[in-house]
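Whenever a hint applies, use it, and build me the whole structure from the sequences.
Number of protein chains: 2
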Amino acid sequence: MKKIINAVDDVLTEALAGFGAAHADLVSVNLNPKYVVRRDGPRQGKVALLSGGGSGHEPLHAGFVGKGMLDAACPGEVFTSPTPDQMLAAAAAIDGDAGILQIVKNYAGDVMNFEMAAEMAETEVATVLTNDDVAVEDSLHSQGRRGVAGTIVVEKIVGAAAEQGADLAACKVLGDRVNAATGSMAVALTSCTVPAAGTPTFAIGEGEMELGVGIHGEPGRERTALISADAIAETLVDAICKSIEPQSGDPVLLLVNGMGGSPAMELYLLYHAARTQCESRGLTVARSLVGNYCTSLDMAGASITLSRLSDDTTALWDAPVHTASLRW
Amino acid sequence: MKKIINAVDDVLTEALAGFGAAHADLVSVNLNPKYVVRRDGPRQGKVALLSGGGSGHEPLHAGFVGKGMLDAACPGEVFTSPTPDQMLAAAAAIDGDAGILQIVKNYAGDVMNFEMAAEMAETEVATVLTNDDVAVEDSLHSQGRRGVAGTIVVEKIVGAAAEQGADLAACKVLGDRVNAATGSMAVALTSCTVPAAGTPTFAIGEGEMELGVGIHGEPGRERTALISADAIAETLVDAICKSIEPQSGDPVLLLVNGMGGSPAMELYLLYHAARTQCESRGLTVARSLVGNYCTSLDMAGASITLSRLSDDTTALWDAPVHTASLRW
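As given, the protein sequences belong to chains R and Y, one line each in that order. Just add 152 to wherever you are in the first sequence, counting from 1, and you've got this note's numbering. Just add 152 to wherever you are in the second sequence, counting from 1, and you've got this note's numbering.
No lab work stands behind these hints: they were computed from the structure. Since no wrong hints were added, every one of them can be taken at face value.
Derived Cβ-Cβ restraints for the label pairs, each shown as a range:
{"id": "1", "chain 1": "Y", "residue 1": "Gly-350", "chain 2": "R", "residue 2": "Gln-399", "range": "36 to 46 Å"}
{"id": "2", "chain 1": "R", "residue 1": "Trp-480", "chain 2": "Y", "residue 2": "Ser-380", "range": "35 to 45 Å"}
{"id": "3", "chain 1": "R", "residue 1": "Gly-434", "chain 2": "Y", "residue 2": "Gly-350", "range": "33 to 43 Å"}
{"id": "4", "chain 1": "R", "residue 1": "Gly-357", "chain 2": "Y", "residue 2": "Glu-276", "range": "49 to 59 Å"}
Residues from chain Y that face chain R, not an exhaustive set, calculated with beta carbons under 10 Å:
{"id": "5", "residue": "Ala-169"}
{"id": "6", "residue": "Glu-210"}
{"id": "7", "residue": "Val-339"}
{"id": "8", "residue": "Pro-347"}
{"id": "9", "residue": "Glu-418"}
{"id": "10", "residue": "Leu-421"}
Non-contacting residues of chain Y with respect to chain R, defined by C-beta distances greater than 12 Å in every case (computed):
{"id": "11", "residue": "Asn-182"}
{"id": "12", "residue": "Gly-193"}
{"id": "13", "residue": "Gln-196"}
{"id": "14", "residue": "Pro-236"}
{"id": "15", "residue": "Leu-240"}
{"id": "16", "residue": "Ala-241"}
{"id": "17", "residue": "Glu-276"}
{"id": "18", "residue": "Asp-290"}
{"id": "19", "residue": "Leu-292"}
{"id": "20", "residue": "His-293"}
{"id": "21", "residue": "Leu-320"}
{"id": "22", "residue": "Ala-332"}
{"id": "23", "residue": "Ser-395"}
{"id": "24", "residue": "Glu-397"}
{"id": "25", "residue": "Pro-403"}
{"id": "26", "residue": "Thr-466"}
Cβ coordinates follow ideal geometry from the N, Cα and C atoms, glycine included.
Next comes the structure, spelled out in C-alpha cells:
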C-alpha cells in the first residue's frame, strides 16, 4: 500500500482536521463525534439537510456542506457507516426548528443507522434514500440499488429548495422525485485500497475492467476486457436510459465523475463521448459537471450520471451554492 | 496501460472538445491550432494573459482561463510544448491593445517556443518565467529550476491585477515578484503513464518514493523509502523555506496539490501536516488551496507550494475569479 498517511488509525481524523482548517471560512469540523457543519448555520425556520456515509468518497459529503446544499455531513470510518450518535449530534447542531431532511445512500448500514437516529431525534425527520446506481439490483452492502454520484444532484437541488424556504414535506417530495429521475453507472480500471486493509479490495487483470462497479469496489454487472471510452459511454448511457427513460428532446444533466485515480483528461474525454451518446438519442445536455465528486479512494475509473431536468429543478441546480467543492 | 481513451492520437482533441462543451459558458476551444480563450474576451485596454504548456497537467492551464485569471491557454501534446503558431493565434484572439503577458513554466521547449512567438507577435509581449520547483537546479527538460504548481499562484494574482487595469509593465513586475516569493516541491509514489508511450515513465518499487519529482516524472533529489505524511511535509516545507526564506510571523499561502492519482483524503491529510509544519516555524497560513491543480496524468503523489503574501498580493488572490477550476 502506497499512501500519503501517518498511522492508519489517524487517517480520518487528520484528513478532517485538514479539511476544517483549509475551509474554516465555510465549515466547522467536530472531531468527537465526527461531523461537519456550515459555519453560518443554523438558520431559524430553514429545513436542515443532513447527509453522511462512509469516508473514502471525498468530496462526498463534507465537500458539499455550505450555503445552498448540505447543513451537515457525518463521515464514518473508511467505507463504514457513521453512527447514530454522530447523526444526532449533527442534527442538534443544525436544527432550525423546521425539521431535518436526511439524505441517505442506500447501503444497509447507513439505512439502519440513519433510521435509528431519526427515531431518537427530538425534531421532525424525513429521509430521502438515493439509489441511482442502475448497475445491479442487490449488492454486497445493499438491498435494492446502491446510492452513488446521483446523490450529489439530489443534495444540490434539494439544498437550493431548502435555502429558498421549501418546507420539510416539499423537500422530501422533491428529493424523491430527483432521485427517481437520476441514474448512474461506473467502471473501474483498478481497485481501491482501504488503508486499514492495506491491500487492494479486489484483483483485476491488466487488460480488464469491472463494468458497473460499486463505490466500495463491489462487483458490477461483469468483468470484461478493457473497452474504448466510446464503448464505455455507450454501455453506461444505454443502461442509464433504460432506467430513467428520458424522451427525445428532454433536457438532462450529465455528470462525469472520477473515482479518484483517473486524471481530468480522461474524464473530459469520457464526457465528450457520453455527450455524443446523449445527443445521438435526441437528448439535450442542458447542464454538465465533470470531476472527482463521488470517489472510491484511489480507484481508477469513472461513472456517468444522467438526471432528467424540468424547469424547476434546472433553476434549483443553477441557484447559488457555496461549498468547498461546488461553488457558483 | 489502463486509460479511459479511444485512439492514442485522439486523446488531446477529444479531451479538449469535452472541456469546451462542459464549460461553454466560460470558454471557447479552438482545435486547429489548439487554444482555449475566454468567451467574454477580448476586453479593449486590458493586458491579456497567455499561458500554456504540455498537456497532462490538467486543470493547468485551460482550467484557469476566465475572468480574473488567464485570457488564453495553449495546450501542447502530452508533456510536449505547444508551438508558436498556437501561441500567435491565441494572442491574436485575446489582444486588447494593451499588450500580452506570457506566463511560461521554465522548460527548454516552452521557453524557446514562447520566445519565438513573442518575436513574431504584432503586439507588445512581456514574459514571466516561473521556476518555483526548489527540488533541483537543472533537470531533464530545464536549465535552472522547473516551473510547477506555483505557476497557478502567479496566474491568479497577476490575472486579478490585469482585470483591475494594471498595465503590461506592472503585470510583468508583479509576476516576477510573486514567482520569487513562491516555492514548491513534490513527491511521487507511482509513475505517470504517457498515453503515446503506453508504459510507466519510470520504475519505482513498492516501498519507494521519489522525493522532489518533476511533473513529467523527472528525477528529483533522491529515491527514498516511503516515509510518513508528517515526514514528507517536514522535508518539503523545510526545502521550500530554505529557498523563499519566510520570516516568523509572515503570512503565507499554502497550496497542497495532488499529482492526479492521489485521493482528496490524502491531500487534506498532507495539508494538515504541512500546516502544522508552517505553524511550528511561526508562519501564518493566511490562504489555502487543496486539490488537483497541477497534475502529472495519473501519478500518485502530491506537491506543497508556499508563497509569501503581502497586503496587495493577498487582496489580488481574494479578488473574484471565474474559471472552470477556480471560482470565487
